[in-house]
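Below, each chain spelled out in residue letters.
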Amino acid sequence: MHCTDEDIVKEVLAGRTQRYAEIVTRYQKPVYNLMFRYTRHELDAADLTQDVFFKAFNRLSSYQSERSLFSWLYTLAVNVAIDWSRASTRMQTKTPPLEELHATYPTNRNPAIRFEDRERGALLDQALTLISAETREILLLRYRHEQTIKEVATIFGMSESAVKMRIKRGLEQLQRILQEMNNHEQ
Amino acid sequence: MNNETFDIEKIEMLLRDIPERDLPFGLHERIIDSLPTGNKPRGIPSKLRTCWNKMLLLAPMPMRAGAVLAMTVAAFWLGTEVGAEREIQNNAFVQQIPGNTPAIDDDENANRLSGMGLFEDENNYPPRYFFYKTSLQEERSTGMNRWSDTVFRHIENQPEDEQNSYGTANPETDSVLFLLNLAHNLADSGNYRGALHQYEKVLRLNPQEQTALYNRATSYHHLNDKAGELQAFISYLNQFRSGKWAHQAVGHLQRLGVFDYQASMIGGRKIVINQTVLLGPEQLARQHELERLATYLRQPSAGELHLVVFYKNDLDKSRIIAAELKQQIDSILGKNRELPIRTSWFDEPAPIQTAGGEKHELEKGLFLFTQPSAQQRSNI
Chain B
1 MHCTDEDIVK EVLAGRTQRY AEIVTRYQKP VYNLMFRYTR HELDAADLTQ
51 DVFFKAFNRL SSYQSERSLF SWLYTLAVNV AIDWSRASTR MQTKTPPLEE
101 LHATYPTNRN PAIRFEDRER GALLDQALTL ISAETREILL LRYRHEQTIK
151 EVATIFGMSE SAVKMRIKRG LEQLQRILQE MNNHEQ
Chain R
1 MNNETFDIEK IEMLLRDIPE RDLPFGLHER IIDSLPTGNK PRGIPSKLRT
51 CWNKMLLLAP MPMRAGAVLA MTVAAFWLGT EVGAEREIQN NAFVQQIPGN
101 TPAIDDDENA NRLSGMGLFE DENNYPPRYF FYKTSLQEER STGMNRWSDT
151 VFRHIENQPE DEQNSYGTAN PETDSVLFLL NLAHNLADSG NYRGALHQYE
201 KVLRLNPQEQ TALYNRATSY HHLNDKAGEL QAFISYLNQF RSGKWAHQAV
251 GHLQRLGVFD YQASMIGGRK IVINQTVLLG PEQLARQHEL ERLATYLRQP
301 SAGELHLVVF YKNDLDKSRI IAAELKQQID SILGKNRELP IRTSWFDEPA
351 PIQTAGGEKH ELEKGLFLFT QPSAQQRSNI
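So the protein sequences, as listed, match chains B and R.
The opening residue of the first sequence carries number 1 in this note's numbering; numbering runs sequentially from there.
The opening residue of the second sequence carries number 1 in this note's numbering; numbering runs sequentially from there.
Since the hints were derived computationally from the structure, they do not count as laboratory data.
Any given hint could turn out to be false.
To be verified - Here are the simulated SDA-like pairs of lysine to any residue, each with C-alpha atoms no more than 25 Å apart in a straight line:
hint : chain 1 : residue 1 : chain 2 : residue 2
1    : B       : Lys168    : B       : Glu180
2    : R       : Lys270    : B       : Ala122
3    : R       : Lys270    : B       : Tyr27
4    : B       : Lys29     : R       : Pro24
5    : B       : Lys29     : R       : Arg21
6    : R       : Lys10     : B       : Glu180
7    : R       : Lys10     : B       : Arg136
8    : B       : Lys55     : R       : Asp33
9    : B       : Lys150    : B       : Glu180
10   : R       : Lys270    : B       : Ser71
11   : B       : Lys10     : R       : Arg21
12   : R       : Lys244    : B       : Thr25
13   : B       : Lys29     : R       : Gly26
14   : R       : Lys10     : R       : Pro24
15   : B       : Lys29     : R       : Asp17
16   : B       : Lys29     : R       : Asp33
17   : B       : Lys29     : B       : Asp7
18   : R       : Lys244    : B       : Phe70
19   : R       : Lys359    : R       : Ser264
20   : R       : Lys244    : R       : Leu290
21   : B       : Lys29     : R       : Lys364
22   : R       : Lys335    : R       : Ala285
23   : B       : Lys164    : R       : Asp7
24   : R       : Lys10     : B       : Glu172
25   : R       : Lys364    : R       : Phe259
26   : R       : Lys335    : R       : Ile320
Unchecked claim - Chain B is faced by these chain R residues, among others (derived, beta-carbon under 10 Å):
hint : residue
27   : Asp7
28   : Ile11
29   : Glu20
30   : Asp22
31   : Pro24
32   : Gly26
33   : Leu27
34   : Ile31
35   : Pro36
36   : Leu297
37   : Ser301
38   : Lys359
39   : Gln371
Just so you know, even glycine gets a beta-carbon here, dropped at the ideal spot from N, CA and C.
If we strip away everything but chain B, and leave its shape as in the complex, we get (with noise of 0.2 Å):
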């Protein structure tokens, strides 16, 4: 039988706390690749994540039904990686040079379905690095996870209308820099 996450909050702060595990098993894959993007290291974004979820279990009781559990565990996540970003003295401000994007494609990890996209997706995924964190997670979010401007708006503490501007922006950045990406590799 499918609840909603709401259902399963309730029963959660009924007393029923096994049922965490399946809010768990709905988040973890978005909260850790969020987690990944600010450290690009797996044991940190493995404790990061970690970090979230037991955060989230304390503060379950503040979550309130208007917004989706999705939204509201995003915030709590970016706020936990805005923070590991601020405290972290390995943190890399400074962006490659181009001439070394060509060179580290990550590989898929996937040794699966791989012929496709590979070189598509990696030009993307160098590209994300190379705008700002927070441009960067607004366009996923609104991409790949398909949450409203509203729902952006509320994460990330904007007006709605900063969003639309740093959305814009954030897909004339990375147009200009794939299509530099792709012109240098001709």
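Place chain R on chain B using the hints.
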């Protein structure tokens, strides 16, 4: 990739499809273990772990360090002892039968060593039996990958017939993972015909193997065999209708001029539907196609279903089919799920844009999508 232009729409599409990294092993358990609840599984390993952690917490720092060191040394010693014992057994196994073909053994290490020995000796007896046996005995996929890599290195310079014979000699010992990895290696080296052959073998063992189904199609693509590619992508969609690769398959089929399939947003998920079957006269096939959607239509997020049918210059036919589909969906969902279905129809052709950006005009077609109901929208 070269000469490719990146317009904003393409970037938006790439962002939608950007792959996510797999989770590290055991992350879920780690998260659950960290929670201050009674969630934790209370099996013996968990109890032992808790006990060990408590011991370490209570112990002063030098004792704690000593305990960890002692455990490490003990584990290392045990490992070397077991390893040495196995090495002796394996050597004995190989030495017992000099000049003869060794027999398949119950120990995967023995089989692996025998296989490697036969490679090096260029013995006529095919060493593949030993690797297959090893791959079956050794459950870890990395181990299997290692041996399929070895076989791959050995066979890549062999004639095609010889390459194709690998893995077919003994169906009993074929292993899907082994063959898949071999196929991937062949494909990565550009030997798509060899890869295709291996994917076919995987599919004989498991006709629903997702990777093999998809990669078979891409192998055909690289071999420029359009008929094979088309059939292979259709086979993929016969098994899988959601997820990135299903949508990619639809894009490929459209590139090949087949517009039978299209993606629909149903119950919050993008699902591929076969609109030709849904518009066709075969009631059973249509029923089967609709049953595939039932799970998604039952999702609470599928507030209301919109069903739009169009036939160029045939308004009546559009209307009749829309009504039939509505009735069939109602009967599949049953009385427990009262899903409002809004039908509409028209007699104009509809323009569509393929994933590659080409524009086409469909003379008949179907749009099927769900939206939150008016009540759900007002709650938002």
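Each hint tested on the structure:
Simply put, Lys168 of chain B and Glu180 of chain B have alpha-carbon atoms about 19 Å apart, close enough for the 25 Å limit, and the pair holds. Taking the CA atoms of Lys270 of chain R and Ala122 of chain B, the gap is about 24 Å. The hint holds against a cut of 25 Å. A distance of roughly 18 Å separates the Cα atoms of Lys270 of chain R and Tyr27 of chain B; the hinted pair therefore holds under the 25 Å criterion. Between Lys29 of chain B and Pro24 of chain R the CA atoms are separated by roughly 10 Å; this keeps the pair inside 25 Å, and the hint holds.
Note on Lys29 of chain B and Arg21 of chain R: the hinted pairing holds, with a Cα-Cα distance of about 8 Å set against a maximum of 25 Å. In summary, the hint linking Lys10 of chain R to Glu180 of chain B is supported, as the alpha carbons are separated by about 16 Å, within the 25 Å threshold. Distance restraint check for Lys10 of chain R and Arg136 of chain B: the Cα-Cα separation of roughly 16 Å lies within the 25 Å cut-off, and the hinted pair is therefore satisfied. Under the criterion of a C-alpha separation no larger than 25 Å, the hint pairing Lys55 of chain B with Asp33 of chain R is consistent with the structure, at around 14 Å.
A hinted pair counts as satisfied when its Cα atoms are at most 25 Å apart, and Lys150 of chain B with Glu180 of chain B does not qualify at roughly 32 Å. Only pairs whose Cα atoms come within 25 Å are accepted, and Lys270 of chain R paired with Ser71 of chain B is accepted, the gap being roughly 20 Å. About 30 Å separates the Cα atoms of Lys10 of chain B and Arg21 of chain R, which puts this hinted pair outside 25 Å; it is violated. Straight-line distance between C-alpha atoms of Lys244 of chain R and Thr25 of chain B comes to about 20 Å, which keeps the hinted pair within the 25 Å bound.
Restraint check: the Cα-Cα separation between Lys29 of chain B and Gly26 of chain R comes to about 13 Å, which is no more than 25 Å; the hinted pair holds. Our distance criterion of 25 Å between C-alpha atoms is broken by Lys10 of chain R and Pro24 of chain R, whose separation comes to about 31 Å. For a cut-off of 25 Å, the pair hint linking Lys29 of chain B to Asp17 of chain R stands: about 15 Å separates their Cα positions. Restraint check: the Cα-Cα separation between Lys29 of chain B and Asp33 of chain R comes to about 18 Å, which is no more than 25 Å; the hinted pair holds.
In summary, the hint linking Lys29 of chain B to Asp7 of chain B is supported, as the alpha carbons are separated by about 21 Å, within the 25 Å threshold. Restraint check for Lys244 of chain R and Phe70 of chain B: the C-alpha separation of about 21 Å stays at or below 25 Å, so the hint holds. For the suggested pair Lys359 of chain R and Ser264 of chain R, the alpha carbons sit about 19 Å apart, so the restraint of at most 25 Å is met. A C-alpha spacing of about 21 Å is found between Lys244 of chain R and Leu290 of chain R, which places the hinted pair at or below 25 Å, so the restraint holds.
Between Lys29 of chain B and Lys364 of chain R the CA atoms are separated by roughly 40 Å; this puts the pair beyond 25 Å, and the hint is violated. The hinted pair formed by Lys335 of chain R and Ala285 of chain R meets the criterion: a straight-line CA distance of about 23 Å does not exceed 25 Å. Restraint check: the Cα-Cα separation between Lys164 of chain B and Asp7 of chain R comes to about 18 Å, which is no more than 25 Å; the hinted pair holds. Only pairs whose Cα atoms come within 25 Å are accepted, and Lys10 of chain R paired with Glu172 of chain B is accepted, the gap being roughly 12 Å.
About 10 Å separates the Cα atoms of Lys364 of chain R and Phe259 of chain R, which keeps this hinted pair within 25 Å; it holds. Simply put, Lys335 of chain R and Ile320 of chain R have alpha-carbon atoms about 23 Å apart, close enough for the 25 Å limit, and the pair holds. Here the hint on Asp7 of chain R is kept, as its CB sits about 7 Å from the closest CB of chain B, short of 10 Å. This hint holds: Ile11 of chain R has a C-beta 5 Å from the nearest C-beta of chain B, less than the 10 Å allowed.
Checking Glu20 of chain R against chain B: minimum C-beta separation of about 5 Å stays under 10 Å; hint holds. Interface hint status for Asp22 of chain R: upheld, as the beta-carbon distance to the closest one in chain B is roughly 6 Å, under 10 Å. Of the supplied interface hints, the one on Pro24 of chain R holds, with its beta-carbon coming within about 5 Å of a beta-carbon of chain B, less than 10 Å. Interface restraint check: Gly26 of chain R against chain B, minimum CB-CB distance 9 Å, threshold 10 Å, status holds.
A cut of 10 Å between beta carbons decides the hint on Leu27 of chain R: the least distance to chain B is about 5 Å, and the hint holds. For Ile31 of chain R, the suggested interface contact is upheld, since its CB lies about 5 Å from the closest CB of chain B, less than 10 Å. A distance limit of 10 Å between C-beta atoms decides the matter here; for Pro36 of chain R the minimum to chain B is near 8 Å, and the interface restraint holds. The beta carbon of Leu297 of chain R is not positioned within 10 Å of any beta carbon in chain B (closest approach about 12 Å), and the interface hint is therefore violated.
Interface hint status for Ser301 of chain R: upheld, as the beta-carbon distance to the closest one in chain B is roughly 9 Å, under 10 Å. The criterion of a C-beta within 10 Å of any C-beta in chain B is not met by Lys359 of chain R, whose closest approach is roughly 22 Å, and the hint is violated. A least Cβ separation of about 14 Å between Gln371 of chain R and chain B goes past the 10 Å threshold, and the interface hint is therefore violated.
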